[in-house]
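Asks: Chain by chain, the residues:
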Amino acid sequence: MQSFEEERLLTAVVELLAEKGHVSASEIAERIAITDEASPRLGARLVAKAWLDPAFRQLLLADGSKAAESIGIMMRGVPPLGVLENTSDLHHLVVCTLCSCYPRAVLGYPPFWFKSPAYRARAVREPRAVLKSWGTALPSTTRIRVVDSTADYRWMVLPVRPAGTDGLNEDALAALVDEGDLIGVTIPSFDVAN
Amino acid sequence: MTLDVGSRVRVDDRWPERQGPAHIRTPHYLRGRRGKIVRYLGEFADPEQLAFNRPAQRRALYHVMFASADLWVDAEPADILVEIFDHWLVEEA
Amino acid sequence: MDEDGKRPARHDMGGVKQFYCDDIDLSDHELTDFDRQVDALRQILAVKGLLTVDELRRGIEALPADQYDRLGYYQRWIRSIAVTLIRRGVISEAELEERLRTQGP
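Protein chains in written order, with the UniProt record's numbering: chain A, 1 to 194; chain B, 1 to 93; chain C, 1 to 105.
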């Protein structure tokens with residue numbers, strides 16, 4: 001998308017803020033580097049740990065921020081993390097219909113689709129149709145709970161551990177989990193042939 | 001905390017955004033609808049004041065559950081779980 | 001217009017049928033340097049107490065509907081940031097206009 005006018009605006013605003021001593025170029029570079037560090041790998045690690053360790057699972061569901069901090073994820077100054085557990089009977093799907101609230105501390109920047117009008121409009125009203133965009137089909141007996149992220153929390157999904165993964169260690173389990181699984185548009189799977 | 005988990009509530013059918021500049025975190029599709037308190041989430045500064053850089057009162061925030069069938073006639077069956085501040089909630093008998 | 005005849009604000013999209021005809025775009029949209037810089041600037045201003053996230057949102061919500069639709073995600077952000085900083089008196093409209101006028105191409 002052409003954004004020449006807004007690029008000029010950004011440059012002008014940053015220059016003025018720098019001259020007034022509010023912001024420096026190095027601060028911006030440093031902040032970008034910190035922000036780029038967060039990715040769905042962090043959320044995947046929380047999930048893998050919860051699948052292996054019942055005490056950690058309990059902590060994650062009771063206080064997501066504390067659980068994240070306990071494995072070294074920086075949560076100071078970021079909105080509290082809430083984690084919602086999927087079961088065979090209940091599936092959570094996270095959306096922000098008002099803007100783009102996203103658990104960035106443990107997933108990184110929100111993907112394009114999460115910010116799109118189509119996702120924001122449809123997820124609350126026709127979640128199964130939305131899930132089909134990802135090829136995700138849940139049994140008709142599974143209840144869907146759509147979580148509209150409107151205020152101070154950021155919500156992440158704890159997916160169901162795929163069958164056949166009994167012998168896998170934390171790294172191998174974390175590798176099964178991606179961004180979509182942590183928002184609820186997809187579910188992690190395990191191909192036994194691997 | 002003033003509302004108990006399990007309480008039946010109704011979301012105020014107010015539309016401040018039509019009266020002038022406003023910033024509302026209660027989605028339009030819940031105004032006037034009935035739901036149930038499922039979780040108390042803590043106290044947070046009122047976004048409606050923060051949006052104008054005014055002193056913001058801390059308000060109780062709740063996780064409130066709705067049934068999609070109560071929100072849209074053509075909705076797929078689903079629970080809709082939303083964070084709502086207490087000044088938007090009215091307890092039902 | 002929703003079935004109850006009440007028109008929600010542009011950003012208040014939950015269940016709004018107008019957006020139903022769009023397929024959800026699942027393609028990868030790499031963030032640009034511009035996107036990352038705006039995102040970082042927002043965070044820094046928040047930490048320094050110069051901009052709350054709700055002011056950012058309010059500025060975005062105040063954009064006319066055609067701009068809200070036409071502008072990219074971070075383009076809306078930088079517009080909102082500029083307006084908010086002016087409203088707070090952190091920068092002035094006059095100096096921003098002057099800077100935009102004298103800025104190189």
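Just so you know, the hints here were simulated from the structure itself, not pulled from any lab data.
Some hints here could point you the wrong way.
Distance condition first, Cα-Cα at most 20 Å in a straight line; then the derived SDA-like pairs of lysine to any residue [said to hold, decoys possible]:
id	chain 1	residue 1	chain 2	residue 2
1	A	Lys115	A	Thr142
2	C	Lys48	A	Thr35
3	A	Lys132	B	Pro16
4	A	Lys49	A	Thr35
Which chain C residues face chain A? A few, computed with CB under 8 Å, are given here [to be verified]:
id	residue
5	Gln37
6	Ala65
7	Ile78
Simulated restraints, written as ranges between beta carbons of each label pair [as the list claims (entries may be wrong)]:
id	chain 1	residue 1	chain 2	residue 2	range
8	B	Asp13	A	Ser26	48 to 56 Å
9	A	Asp63	C	Glu98	33 to 41 Å
10	A	Glu30	B	Glu91	27 to 35 Å
11	B	Val5	A	Glu19	38 to 46 Å
12	C	Thr32	A	Ala163	35 to 43 Å
13	A	Arg41	C	Ser92	21 to 29 Å
C-beta atoms are modelled at their ideal positions from N, C-alpha and C, and glycine is treated no differently.
Asks: With reference to the structure, classify each hint as holding or not holding.
Replies: Outcome of the hint check:
With a C-alpha separation of about 26 Å, the suggested pair A/Lys115 and A/Thr142 falls outside the 20 Å cut-off, and the hint is violated. For the proposed pair C/Lys48 and A/Thr35, the alpha carbon gap of about 17 Å is at most 20 Å, so the pair holds. Proposed proximity of A/Lys132 and B/Pro16 is contradicted: the alpha carbons are some 36 Å apart, above 20 Å. Restraint check for A/Lys49 and A/Thr35: the C-alpha separation of about 23 Å exceeds 20 Å, so the hint is violated.
At its closest, the beta carbon of C/Gln37 sits 6 Å from a beta carbon of chain A; the interface hint therefore holds under the 8 Å criterion. With a cut of 8 Å, the hint placing C/Ala65 at the interface with chain A is violated, because the nearest CB-to-CB distance is about 12 Å. Taking 8 Å as the C-beta cut-off, the interface hint given for C/Ile78 holds, the closest approach to chain A being about 5 Å. Between B/Asp13 and A/Ser26, the C-beta spacing of about 50 Å keeps the proposed range 48 to 56 Å intact.
For A/Asp63 paired with C/Glu98, a C-beta distance near 50 Å fails the hint of 33 to 41 Å. Hint check: A/Glu30 to B/Glu91, Cβ distance near 48 Å, so the stated range 27 to 35 Å is violated. Roughly 52 Å separates the CB atoms of B/Val5 and A/Glu19, a value that falls outside the hinted 38 to 46 Å. The supplied range of 35 to 43 Å is met by C/Thr32 and A/Ala163, whose beta-carbon atoms lie about 41 Å from each other.
A beta carbon spacing of about 44 Å between A/Arg41 and C/Ser92 contradicts the range 21 to 29 Å that was offered as a hint.
Consistency note: the structure conflicts with the earlier hints numbered 1, 3, 4, 6, 9, 10, 11, 13.
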